[in-house]
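Those sequence lines, one after another, are chains A and B. Using my numbering, you'd call the opening residue of the first sequence number 1446 and step up by one each time. Using my numbering, you'd call the opening residue of the second sequence number 234 and step up by one each time.
In short, the hints are calculated from the structure, not lab data. Bear in mind that the values here come from a model prediction, so they are computed numbers and not experimental data. Glycine included, each C-beta is placed from N, C-alpha and C at the ideal position. Take the hints with a grain of salt, since some may be wrong.
Computed beta-carbon distance windows for the label pairs [stated by the list, open to error]: (1) A:Ile1474 to B:Ser247: 32 to 42 Å; (2) A:Gly1459 to B:Thr305: 37 to 47 Å; (3) B:Pro292 to A:Pro1543: 19 to 29 Å; (4) A:Gly1509 to B:Glu314: 35 to 45 Å; (5) A:Ile1474 to B:Arg257: 33 to 43 Å; (6) B:Pro248 to A:Gln1457: 39 to 49 Å; (7) B:Val288 to A:Lys1519: 26 to 36 Å; (8) B:Ser313 to A:Gln1447: 23 to 33 Å; (9) A:Pro1543 to B:Ser298: 16 to 26 Å; (10) A:Thr1472 to B:Ser313: 31 to 41 Å.
Spelled out, the chains give:
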Amino acid sequence: VQLVESGGDLVQPGGSLRLSCAASGFTVINNYMTWVRQAPGRGLEWVSSIYSSDSTKYADSVRGRFTVSRDDSKNTLYLEMNMLRAEDTAVYYCARGPSGYSTFWGQGTLVTVSS
Amino acid sequence: EIVMTQSPATLSVSPGERATLSCRASQSVNSNLAWYQQKPGQAPRLLIYDASTRVSGIPARFSGSGSGTEFTFSISSLQSEDFAVYYCQQYNKWPLTFGGGTKVEIK
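Only chain B is shown next, with the shape it has when bound in the complex:
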């Protein structure tokens, strides 16, 4: 099983600042990585797939990069609606696995 490790577990950021999240895979997942956003009481929402492709309608302030085992997700200028938990997920190999999540909270 590919283990996905996200860091940090919690990120405190002021509105308007940049947030950078990390996701590391225990073995290469090529570019088969997705990022999801989840707010309390809501289902996850896909933001990024194939490591760097933004879903249609997702604001350009969200971006993803990386390949192999190291991935980065960034929010260039945090808006109030961006405070949430973010998960990475690999789909290179079964079983599909998620990272433990990074909570982005208001500083």
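Isolated chain A (complex conformation):
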């Protein structure tokens, strides 16, 4: 089982970024797939989840700006991030689980929002 995140970068406030999470050893469609972030020196913050056929959930802090999706043919999870703010700066982890808890996590990708 492997989860490999990519797409993290330095971006200006108001900019956009798309994170990818490539899965192997299991199929994303059969799992709860979740994005969790961690700001530098801070704790864990749930961002978004996608589960079942196409159910999605978002934290209030990102709703309307972030979109979670998956490509079943590529077995990959995505997080489209728009209107980025300084407070979105964090390591973004993707994770899988049978429900709301996550049994396996990727190593994370760093997003820095700064001018």
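For this one, chain A is given, so just place chain B on it according to the hints.
Frame of chain A; chain B shown alone:
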């Protein structure tokens, strides 16, 4: 939103001693609670789910208990590799929420 409060923020323990961590929910989460361990520079690792079920391969010195709003996580005899930050997380209700973490450090 369900607020998860962990205490203490930092726990200083000598190797071989017992560590007991607390997690309190602002409303009932039934038994829908997980515990994670995170070491510096690493991703979190799931240790306990459903409040007291240990993940396969996790040593028996790790245990969880509680239901409703009060939960406890214990490490019976701390090993050097157990010094880390521990987070609780509720998955009873959206949004999913984490506690602020307890850092277990060497005394």
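Results for each hint:
no.: 1; hint: A:Ile1474 to B:Ser247: 32 to 42 Å; verdict: 47 Å, violated
no.: 2; hint: A:Gly1459 to B:Thr305: 37 to 47 Å; verdict: 45 Å, holds
no.: 3; hint: B:Pro292 to A:Pro1543: 19 to 29 Å; verdict: 22 Å, holds
no.: 4; hint: A:Gly1509 to B:Glu314: 35 to 45 Å; verdict: 42 Å, holds
no.: 5; hint: A:Ile1474 to B:Arg257: 33 to 43 Å; verdict: 36 Å, holds
no.: 6; hint: B:Pro248 to A:Gln1457: 39 to 49 Å; verdict: 47 Å, holds
no.: 7; hint: B:Val288 to A:Lys1519: 26 to 36 Å; verdict: 28 Å, holds
no.: 8; hint: B:Ser313 to A:Gln1447: 23 to 33 Å; verdict: 28 Å, holds
no.: 9; hint: A:Pro1543 to B:Ser298: 16 to 26 Å; verdict: 21 Å, holds
no.: 10; hint: A:Thr1472 to B:Ser313: 31 to 41 Å; verdict: 38 Å, holds
The structure fails hint 1 only (numbered hints given earlier).
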